[in-house]
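Number of protein chains: 2
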Amino acid sequence: MKYRTSSPHFPKEDIEEILPKISEILEGKGLLSMGDNVKEFESSFSSFVGSRAAVATNSCSSALEISLNVLGVGSGDEVIVPTQTFIATGSSVVKVGAKPIFCEINKNFLIDFEDLKKKINKHTKAVVIVHFAGLIHEDILNIRKFLNEKGIFLIEDAAHAIGSSLNGIKAGNFGDLSCFSFFSTKNMTTGEGGMITSNNIDLSKLCSSIRNRGLDLDSSSEQFINIGSNSRMTEIQALLGIYQLKRIQEFNLHRNRIAEIYNQELNSFFDSNILSRHTQSKDNVSSYWKYWISLEEGYFEASDRIKIKEEMNALSIPVDWAYSPLLHLQPVFKKMYDISEGYLPFSEEMSKRHICLPIHALISEEDAVFIIKKFSEIVSKLTQVNNKK
Amino acid sequence: MKYRTSSPHFPKEDIEEILPKISEILEGKGLLSMGDNVKEFESSFSSFVGSRAAVATNSCSSALEISLNVLGVGSGDEVIVPTQTFIATGSSVVKVGAKPIFCEINKNFLIDFEDLKKKINKHTKAVVIVHFAGLIHEDILNIRKFLNEKGIFLIEDAAHAIGSSLNGIKAGNFGDLSCFSFFSTKNMTTGEGGMITSNNIDLSKLCSSIRNRGLDLDSSSEQFINIGSNSRMTEIQALLGIYQLKRIQEFNLHRNRIAEIYNQELNSFFDSNILSRHTQSKDNVSSYWKYWISLEEGYFEASDRIKIKEEMNALSIPVDWAYSPLLHLQPVFKKMYDISEGYLPFSEEMSKRHICLPIHALISEEDAVFIIKKFSEIVSKLTQVNNKK
Chain A
430 MKYRTSSPHF PKEDIEEILP KISEILEGKG LLSMGDNVKE FESSFSSFVG SRAAVATNSC
490 SSALEISLNV LGVGSGDEVI VPTQTFIATG SSVVKVGAKP IFCEINKNFL IDFEDLKKKI
550 NKHTKAVVIV HFAGLIHEDI LNIRKFLNEK GIFLIEDAAH AIGSSLNGIK AGNFGDLSCF
610 SFFSTKNMTT GEGGMITSNN IDLSKLCSSI RNRGLDLDSS SEQFINIGSN SRMTEIQALL
670 GIYQLKRIQE FNLHRNRIAE IYNQELNSFF DSNILSRHTQ SKDNVSSYWK YWISLEEGYF
730 EASDRIKIKE EMNALSIPVD WAYSPLLHLQ PVFKKMYDIS EGYLPFSEEM SKRHICLPIH
790 ALISEEDAVF IIKKFSEIVS KLTQVNNKK
Chain B
430 MKYRTSSPHF PKEDIEEILP KISEILEGKG LLSMGDNVKE FESSFSSFVG SRAAVATNSC
490 SSALEISLNV LGVGSGDEVI VPTQTFIATG SSVVKVGAKP IFCEINKNFL IDFEDLKKKI
550 NKHTKAVVIV HFAGLIHEDI LNIRKFLNEK GIFLIEDAAH AIGSSLNGIK AGNFGDLSCF
610 SFFSTKNMTT GEGGMITSNN IDLSKLCSSI RNRGLDLDSS SEQFINIGSN SRMTEIQALL
670 GIYQLKRIQE FNLHRNRIAE IYNQELNSFF DSNILSRHTQ SKDNVSSYWK YWISLEEGYF
730 EASDRIKIKE EMNALSIPVD WAYSPLLHLQ PVFKKMYDIS EGYLPFSEEM SKRHICLPIH
790 ALISEEDAVF IIKKFSEIVS KLTQVNNKK
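Line by line, the protein sequences are chains A and B.
Each number in this note's numbering comes from the position in the first sequence (counting from 1) with 429 added on.
Each number in this note's numbering comes from the position in the second sequence (counting from 1) with 429 added on.
Any given hint could be a false lead.
According to the in silico footprint, chain B covers these stretches of chain A (three or more CB under 8 angstroms from chain B) [said to hold, decoys possible]:
(1) 641 to 649
(2) 740 to 750
Residues of chain A clear of chain B, computed beta-carbon distances all greater than 10 angstroms [stated by the list, open to error]:
(3) F439
(4) E494
(5) K524
(6) E578
(7) N596
(8) D631
(9) R661
(10) Y772
Cut-off 20 angstroms, straight-line C-alpha distance, at most; resulting in silico cross-link-like pairs (PhoX-like, lysine-lysine) [as the list claims (entries may be wrong)]:
(11) A/K468 to A/K458
(12) A/K458 to B/K458
(13) A/K441 to B/K431
(14) A/K441 to B/K458
(15) A/K458 to B/K441
(16) A/K431 to B/K458
(17) A/K450 to B/K431
(18) A/K450 to B/K441
(19) A/K547 to A/K536
By construction, these hints were calculated from the structure, which means they are not laboratory data.
Note that the Cβ used here is the ideal one computed from N, Cα and C, for glycine as well.
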């Protein structure tokens with residue numbers, strides 16, 4: 430296909446600077462691991478986010494496991510997670526010995542605060558909030574206050590939300606610990622990679638020890654004081670991260686422009702409730718990792734998104750939907766916790782009706798105009814056909 | 430210092446081929462993750478080892494955790510590990526919920542078969558055997574047979590032993606699963622990285638799923654059927670691995686030549702039992718990750734290795750000793766299992782008396798001649814001083 434659903438992007442001038450630095454590392458003039466690039470990337474990333482500290486990891490999955498571990502989540506504990514999310518949000522909870530409690534999402538595809546409240550009990554040790562598609566929950570400060578009062582930790586799964594902000598505060602500052610992803614589909618990438626940000630220096634230091642096999646960071650010899658693993662990022666990954674981070678504001682602005690082009694074209698559909706999308710206050714800035722819209726009931730049949738996909742694909746435009754099946758319906762959890770369809774009815778219905786359009790650094794504004802015109806035509810045709818039935 | 434204890438080495442002509450390939454990846458002509466380089470590296474590595482399958486990971490620590498996990502080691506189980514090893518051999522056992530049982534080493538710094546037998550009980554689920562310094566245990570086939578009869582799994586921690594062989598069989602073929610390390614101090618490197626080899630295709634497939642967040646490898650969609658994590662190797666790491674693997678026989682032969690130079694010079698000390706080293710049959714080929722010798726009791730005092738280190742350092746020659754403290758005396762395990770010095774007396778004594786000389790691709794034969802002459806002089810002087818006391 431001409432377009433892609435996602436794509437990493439390293440501008441030519443960045444590649445020209447990166448390659449000689451990789452060469453130096455390979456020539457033995459720099460370290461391959463545990464050197465200055467990781468430190469610089471951590472420092473630049475925490476500056477960008479506005480957090481006090483940042484710890485780089487090999488993946489966001491590792492970041493989540495380390496975060497749960499550091500907060501003391503373990504056997505007998507429950508952790509509430511939204512169901513519209515990647516597998517790692519749930520499996521990390523199981524990895525530390527605790528039980529994930531799957532929670533409904535709201536119309537913004539973010540955790541449903543009312544359902545969250547219902548799911549809290551004496552075993553609840555933490556809540557993971559996912560900034561799905563890059564949008565921060567408008568109620569996040571109230572959620573945090575609510576959880577704080579109950580002594581429950583808040584972890585941000587900010588894999589989608591590098592650079593997202595609410596009222597000027599960036600994702601990565603709302604949770605006790607916050608986890609980011611630099612996988613190659615994300616807004617910026619290190620190939621594989623993750624980061625844990627925090628405003629608590631003690632927690633951050635413990636994260637750093639645990640991703641470094643439990644090393645005593647205050648000892649000059651190899652003394653291990655915690656149980657950890659080797660979840661370190663390499664120097665080459667960090668080097669890529671340093672250059673990508675310099676581009677992230679430009680990349681995110683571009684994504685927002687593409688989203689605006691899509692929104693403009695679809696406005697009449699939104700106004701007539703044929704399509705819907707998330708709502709956000711003006712001080713809520715999305716990183717737009719995904720651009721999703723929902724095909725509203727009454728105008729579309731359940732199978733329509735397949736038809737749209739086929740027609741779009743025929744034009745060399747890929748469309749997809751995020752996280753299918755939903756977390757609680759992944760085979761491993763269905764079996765482990767004896768869960769069937771219908772367990773989270775609102776999320777299941779929402780999930781079936783959404784569709785994502787391509788949005789990334791390599792979709793130009795001209796591409797976006799073409800893509801959304803075609804999408805609009807297909808949607809118009811379908812609603813007319815459906816009306817006639 | 431002029432010399433180093435270890436050093437990665439990428440020959441110039443390899444760097445010239447690697448850089449354009451990294452450039453292509455960054456330009457978007459190749460994948461950053463989950464692409465052909467990892468597959469090629471896995472395939473080349475299993476061919477080199479002679480195993481049926483290989484699964485690349487982000488680190489050897491992850492490889493050990495995945496291996497224990499896949500073999501069903503968990504809560505209530507015990508895993509016997511030699512104490513002369515890296516932290517991960519023990520912490521991986523704790524990470525899967527089981528208990529490490531620390532075992533004595535023998536005069537070759539390898540697990541003591543007699544002590545191993547004593548430590549087996551009904552809870553013993555697996556034994557991890559470490560090919561310390563690159564040497565395979567001469568009794569490994571008997572150990573395997575003994576464990577097989579008891580239904581106990583054998584895992585090779587082959588972090589040091591890339592290319593080591595016994596009777597023509599390479600490390601990576603003796604255990605139910607075998608774990609390798611490509612950390613930057615190892616005989617070949619990917620910066621950070623690991624590999625799990627196996628001759629059991631089902632076990633290997635399960636390893637592959639678990640390092641890939643529990644993915645159903647037979648499904649075309651993102652269905653997760655196991656609890657796993659993201660322990661994947663990146664494409665750039667795998668690219669480095671592909672080139673390093675082409676050099677491993679050359680690198681290992683070089684290490685063996687350096688060891689031979691050291692041995693020749695020290696032969697008279699060995700003959701008179703002033704120094705000792707490991708013994709090996711002629712069909713036991715070491716990768717010589719480390720070259721260690723032991724300062725024999727009667728000729729040396731406990732503090733002598735510090736003196737040797739200082740005098741060698743003054744000549745710009747670093748010397749070190751592996752794994753100090755021993756695994757069972759690492760703070761995290763001392764505290765967790767209430768262990769004190771004296772728990773494994775033979776290993777503790779052995780460990781205090783050994784010293785390692787530089788051995789790697791960048792130590793030339795001329796360097797080796799110089800290094801061992803100086804070492805020899807210092808040892809001679811010390812034994813004369815000690816004799817006069």
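Given hint B/K431 paired with A/K441 - CA-CA distance at most 20 angstroms = violated, 38 angstroms
key: Agreement of A/K458 and B/K441 with the hint, judged by alpha carbon distance not exceeding 20 angstroms   = Given pair A/K458, B/K441 holds - Cα atoms ~13 angstroms apart, limit 20 angstroms.
inquiry  = Can you confirm whether the C-alpha distance between A/K468 and A/K458 stays at or below 20 angstroms?
reply    = holds, 17 angstroms
Pair hint A/K547 and A/K536, alpha-carbon separation not exceeding 20 angstroms = Cα-Cα ~18 angstroms, so holds.
ask   = CA of A/K450 to CA of B/K441, is that 20 angstroms or under?
value = holds, 15 angstroms
message = At least three residues with a C-beta closer than 8 angstroms to a C-beta of chain B: is that true for the region 641 to 649 of chain A?
response = holds (count 3)
task = Decide if the proposed pair is consistent with the structure: A/K458 and B/K458, CA atoms, cutoff 20 angstroms inclusive.
result = It is violated: about 28 angstroms lies between the C-alpha atoms, which goes past 20 angstroms.
ask   = Are at least 3 residues of the region 740 to 750 of chain A within less than 8 angstroms of chain B when you compare beta carbons?
value = violated (count 0)
task = Grab the minimum beta-carbon distance between A/F439 and chain B and tell me whether it stays above 10 angstroms.
result = Per Cβ check, A/F439 is inside 10 angstroms of chain B; nearest 4 angstroms; violated.
inquiry  = Just want to verify: A/K524 was marked as not at the interface with chain B; is every Cβ pair farther apart than 10 angstroms?
reply    = violated, 6 angstroms
task = Just double-check A/D631 for me: nearest Cβ-Cβ distance to chain B has to come out over 10 angstroms.
result = Answer for A/D631: holds, closest chain B Cβ roughly 18 angstroms.
Least C-beta distance from A/N596 to chain B larger than 10 angstroms = Given that every Cβ of chain B is farther than 10 angstroms from that of A/N596, nearest at about 32 angstroms, it holds.
Going through the hint list in order, the structure does not satisfy hints 2, 3, 4, 5, 9, 12, 13, 17.
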